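A.B. asks: Read top to bottom, the protein sequences are chains Z and D.
Just so you know, we're using my numbering here: the first sequence kicks off at 317 and counts up by one.
Just so you know, we're using my numbering here: the second sequence kicks off at 317 and counts up by one.
Keep in mind the hints are simulated off the structure, nothing from the lab.
The reader is advised that the hints may include incorrect statements.
Identical copies go unnamed one by one, so any copy, or any two together, can satisfy a pair.
Subject to a maximum C-alpha distance of 30 Å in a straight line, what follows is the list of computed DSS-like cross-link-like pairs (lysine-lysine) [stated by the list, open to error]:
#1 LYS420 <-> LYS714
#2 LYS644 <-> LYS714
#3 LYS727 <-> LYS714
#4 LYS565 <-> LYS644
#5 LYS493 <-> LYS532
#6 LYS727 <-> LYS565
#7 LYS727 <-> LYS532
Since this is a predicted model, take the numbers as computed values, not measurements.
Number of protein chains: 2
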Amino acid sequence: MSEASDLIEETDSLGVGSICDRALDIAPELDNVGRLARASALRTVALALEGHRSDIVRTADAETALGDGRLNAELTRTEYQCDLFAEVLEEGSYLEVTRDSARKTVMGDQPDLRRFLVPIGPVAVFGASNFPLAFSVPGGDTVAAIASGCPVVVKAHPSHQLTSQLCADIMAAALAKAGLPDSSLQLVSGQQAGLDLVQNPAIKAVAFTGSLVGGKALMAAIGSREDPIPFYGELSSINPIIVLPSAAKSRAVEIGRGLAASGTTSNGQLCTKPQTVYIPVGEDGDAVVEAMSSVFAAMNAQPYLNAGISMAFSNGVHRLQSDSRIHKLAPQPDAEMEWQRPTLLSVSCSDAPDAIMGEVFGPLQVAVRYTDLDDLVEGLRLIPGSLTATMHAELLDKEMVNTIVAALRTKVGRFIFNGYPTGVMVSWGQNHGGPWPATTSIHTSVGATSIRRFLRPITFQSAPEWILPTVLRDDYEIPKRIDGALVLPSSSSS
Amino acid sequence: MSEASDLIEETDSLGVGSICDRALDIAPELDNVGRLARASALRTVALALEGHRSDIVRTADAETALGDGRLNAELTRTEYQCDLFAEVLEEGSYLEVTRDSARKTVMGDQPDLRRFLVPIGPVAVFGASNFPLAFSVPGGDTVAAIASGCPVVVKAHPSHQLTSQLCADIMAAALAKAGLPDSSLQLVSGQQAGLDLVQNPAIKAVAFTGSLVGGKALMAAIGSREDPIPFYGELSSINPIIVLPSAAKSRAVEIGRGLAASGTTSNGQLCTKPQTVYIPVGEDGDAVVEAMSSVFAAMNAQPYLNAGISMAFSNGVHRLQSDSRIHKLAPQPDAEMEWQRPTLLSVSCSDAPDAIMGEVFGPLQVAVRYTDLDDLVEGLRLIPGSLTATMHAELLDKEMVNTIVAALRTKVGRFIFNGYPTGVMVSWGQNHGGPWPATTSIHTSVGATSIRRFLRPITFQSAPEWILPTVLRDDYEIPKRIDGALVLPSSSSS
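Here chain Z stands alone, though its shape is the one from the complex:
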């Protein structure tokens, strides 16, 4: 897996500098081509990626060992994402066009004010280890930033540099073919290049999906800039799952198997992996745990994305197991490759140490057994900010559900019912975010509204028609707010 990184040259400081200069140079042109041209270019990118599907999947599999099935699905997802952002651009609400008419108020004369959103400027995107496509070069951050009109410089992840280069080449060619300026998407490589990138004055925002440690290092580098810029980091999440009594009673085996599958898919190397699972004590809960255990016990060690992740996983599991309050349910002690295998631990809710609240990236799940609602709610107080929280519940559990939602509402970005947090749909209503340490942002990093991260408002005051940008003119058809009221274009069906 690692020889690939020798094939891509690290970008030196001068190289990063000239790449950032180019991004800044072409930023006005990428803005000026307009949203419809960018929408068309994103559809061209989707087609170009599809045209190179077998190349991309083969290259990514050689670097990540994630397998054909997963990588084909990931590529489909990135193409789908390009098309969704094309729709977002065509629909036009994302510009937040607003017009206040000149009028008298008790505050005095209100001038004609017209507001919309404009691109923030060149964006640095950091590819993630665990998604060589969907959270890397052709991933959500890149697509949202290009859609917004911001040039993108991606820092390739060392675990899949060839895939990054291949995708960057395909996308850059497609963007140019579609009439977008050269250098709308560029690539840098190397750890120092990443630090140079986020400190370059041309860069106006940074999007990162990765570890808490990596995120903190980038935040420190950004902190040394003269101008603070937004850092959109998606960092660390334990994604609690709560199985409520009636659900455990009616669906123990189904839930137990589902939990174990969600915790071990892609070898647990997903930001939405459910790590901490709250299960009632007693027979019904035991049945859930038994179903989980049998899945874990049957699994062999799977490939890790890189040696660092593999070692961190072993260390994390070892550290938890050294706590006498925590019991190991699977794999068998002294099983072959014990420390690399998918691992299921168990702990009593009232005894659970803080340590289980730290993300261990990889196939680890911890069953936390609670006695009653009070015990559960007390246990949930320890949960840090998280991307998701999931409940398995029946109507009989209603009061408990309401209590839990209230207890977790300040902590999570997405509540899931009778499902699993892994598998993040790219859509208008998605939220992939959450309070620290899940993310550093009040915006999602997946789905239509993630574009807002790369935009800022400008208002034109008392501008005559001949000065106004086209989208702010009276007769321009787009969803807009006029004197406080939302008005849809006349062509709209609503």
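Chain Z is fixed; fit chain D onto it per the hints.
C.D. replies: Showing chain D alone in chain Z's frame:
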């Protein structure tokens, strides 16, 4: 002016801690009362402030010497602002309610996803020296945060502590009367209290209007937290004005007088004060400058908000004047109180030193004389991020206007035509923001959309009706996006 601050006790660390604890305790209740109850409460606040108008204005004038006229207008503005945010809450779009229906996609099954925005948690607001009402206790940050459902803790500015206490008492009583939880609005006092406040874990966002130095000190304190939180700082702006040749030809005296008035109103102590004014060389430009000079020459020294601002102003003017490229047009050298009087300087555009691009808070204006468009555009390259840029232009100047808008588009938050930047209307389309050092944010701090600073998304996935928050249910009437399309409530006129 300064004895007032002796009357308000500084809040010690324990005090700040218990105030923040209370804010965190009541946060769920302030959220749960719902947007319509908060709208009603804001209208009650507006009425309560109006009921104490004479008290408030008298107290504020004693502390700030801003005068009855200005302070009455400022109070009217804060009341107007309460009413506007009540409208924002009642209209409901700010919640960004979004629903994606369960369906099959090429990515697999899309679950039912429902997204809306929820309050971020307790917010710290720092009162500004120059607006004892509109940017202090009853100001925009407070009102937007309460509207969003976030409890507010205001750090009172030392220049108007009695006004702060009076307004906090009036508002807290009004909010309680309207049924909002006690401690929805609290006050702390003292510099250390401000630092304690932004480092308290209960605080989830900080809004600040003040100096670059003050903002950087707060950013450093926030940087020492374990969890990064958003810092919405509105810091420093020189608000360039560009007078184009045809405008100078047709309206020299009117523009010159208007410029000088905008630069000296409230003794120049406004964040939107136009400091740097680009005027063509030649007769028409000379006429503009003469009109400015005659206004400045006729003005005496006016009161400053506090001794620190007064001293910083003198030092700033002195530093600029010591540069031989800069000439003083008014006041006369050796005039009484020369260093405290409204001051007009002049410099050639091609010779302008960087120093004129730093904000000097107070009644200073610099006429920058340009020879042609190239000279002007080259000069504009020095301009840092700014809240506003203003053009005085006629149709004949069209090509120049387009070039200037393009040159400044990445630098400013609001373009004003044939007007002045001072006087910021509170409205739906307003933007009071801009790139660093103007602000630290991609959101406005004035107007309807400033509420977005205090909200974050939550998505409910596959939640049955009995779990969904009311606003996310199918039959709830509010502007919403359904499967990508904006849909207005049936009661809406559009």
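A.B. asks: Run every hint past the structure and note whether it holds.
C.D. replies: Verification of the hints:
In the homo-oligomer, the alpha carbons of LYS420 and LYS714 lie at most 30 Å apart only across protomers (29 Å), although the nearest pairing inside one protomer, at 52 Å, exceeds that limit. Taking CA atoms no more than 30 Å apart as the test, LYS644 paired with LYS714 passes in neither setting, with 32 Å inside one copy and 75 Å between copies. Taking the shortest alpha-carbon separations for LYS727 and LYS714, only the intra-copy value of 20 Å comes in at or below 30 Å, while the best inter-copy value is 52 Å. Taking the shortest alpha-carbon separations for LYS565 and LYS644, only the intra-copy value of 24 Å comes in at or below 30 Å, while the best inter-copy value is 85 Å.
Proximity of LYS493 to LYS532 under the C-alpha cut-off of 30 Å is found in neither arrangement, the shortest distances being 38 Å within a copy and 45 Å between copies. For the identical chains of this complex, LYS727 and LYS565 are intra-copy neighbours only, at 28 Å inside a copy versus 61 Å across copies, given an alpha-carbon limit of 30 Å. Taking the shortest alpha-carbon separations for LYS727 and LYS532, both the intra-copy value of 20 Å and the inter-copy value of 29 Å come in at or below 30 Å.
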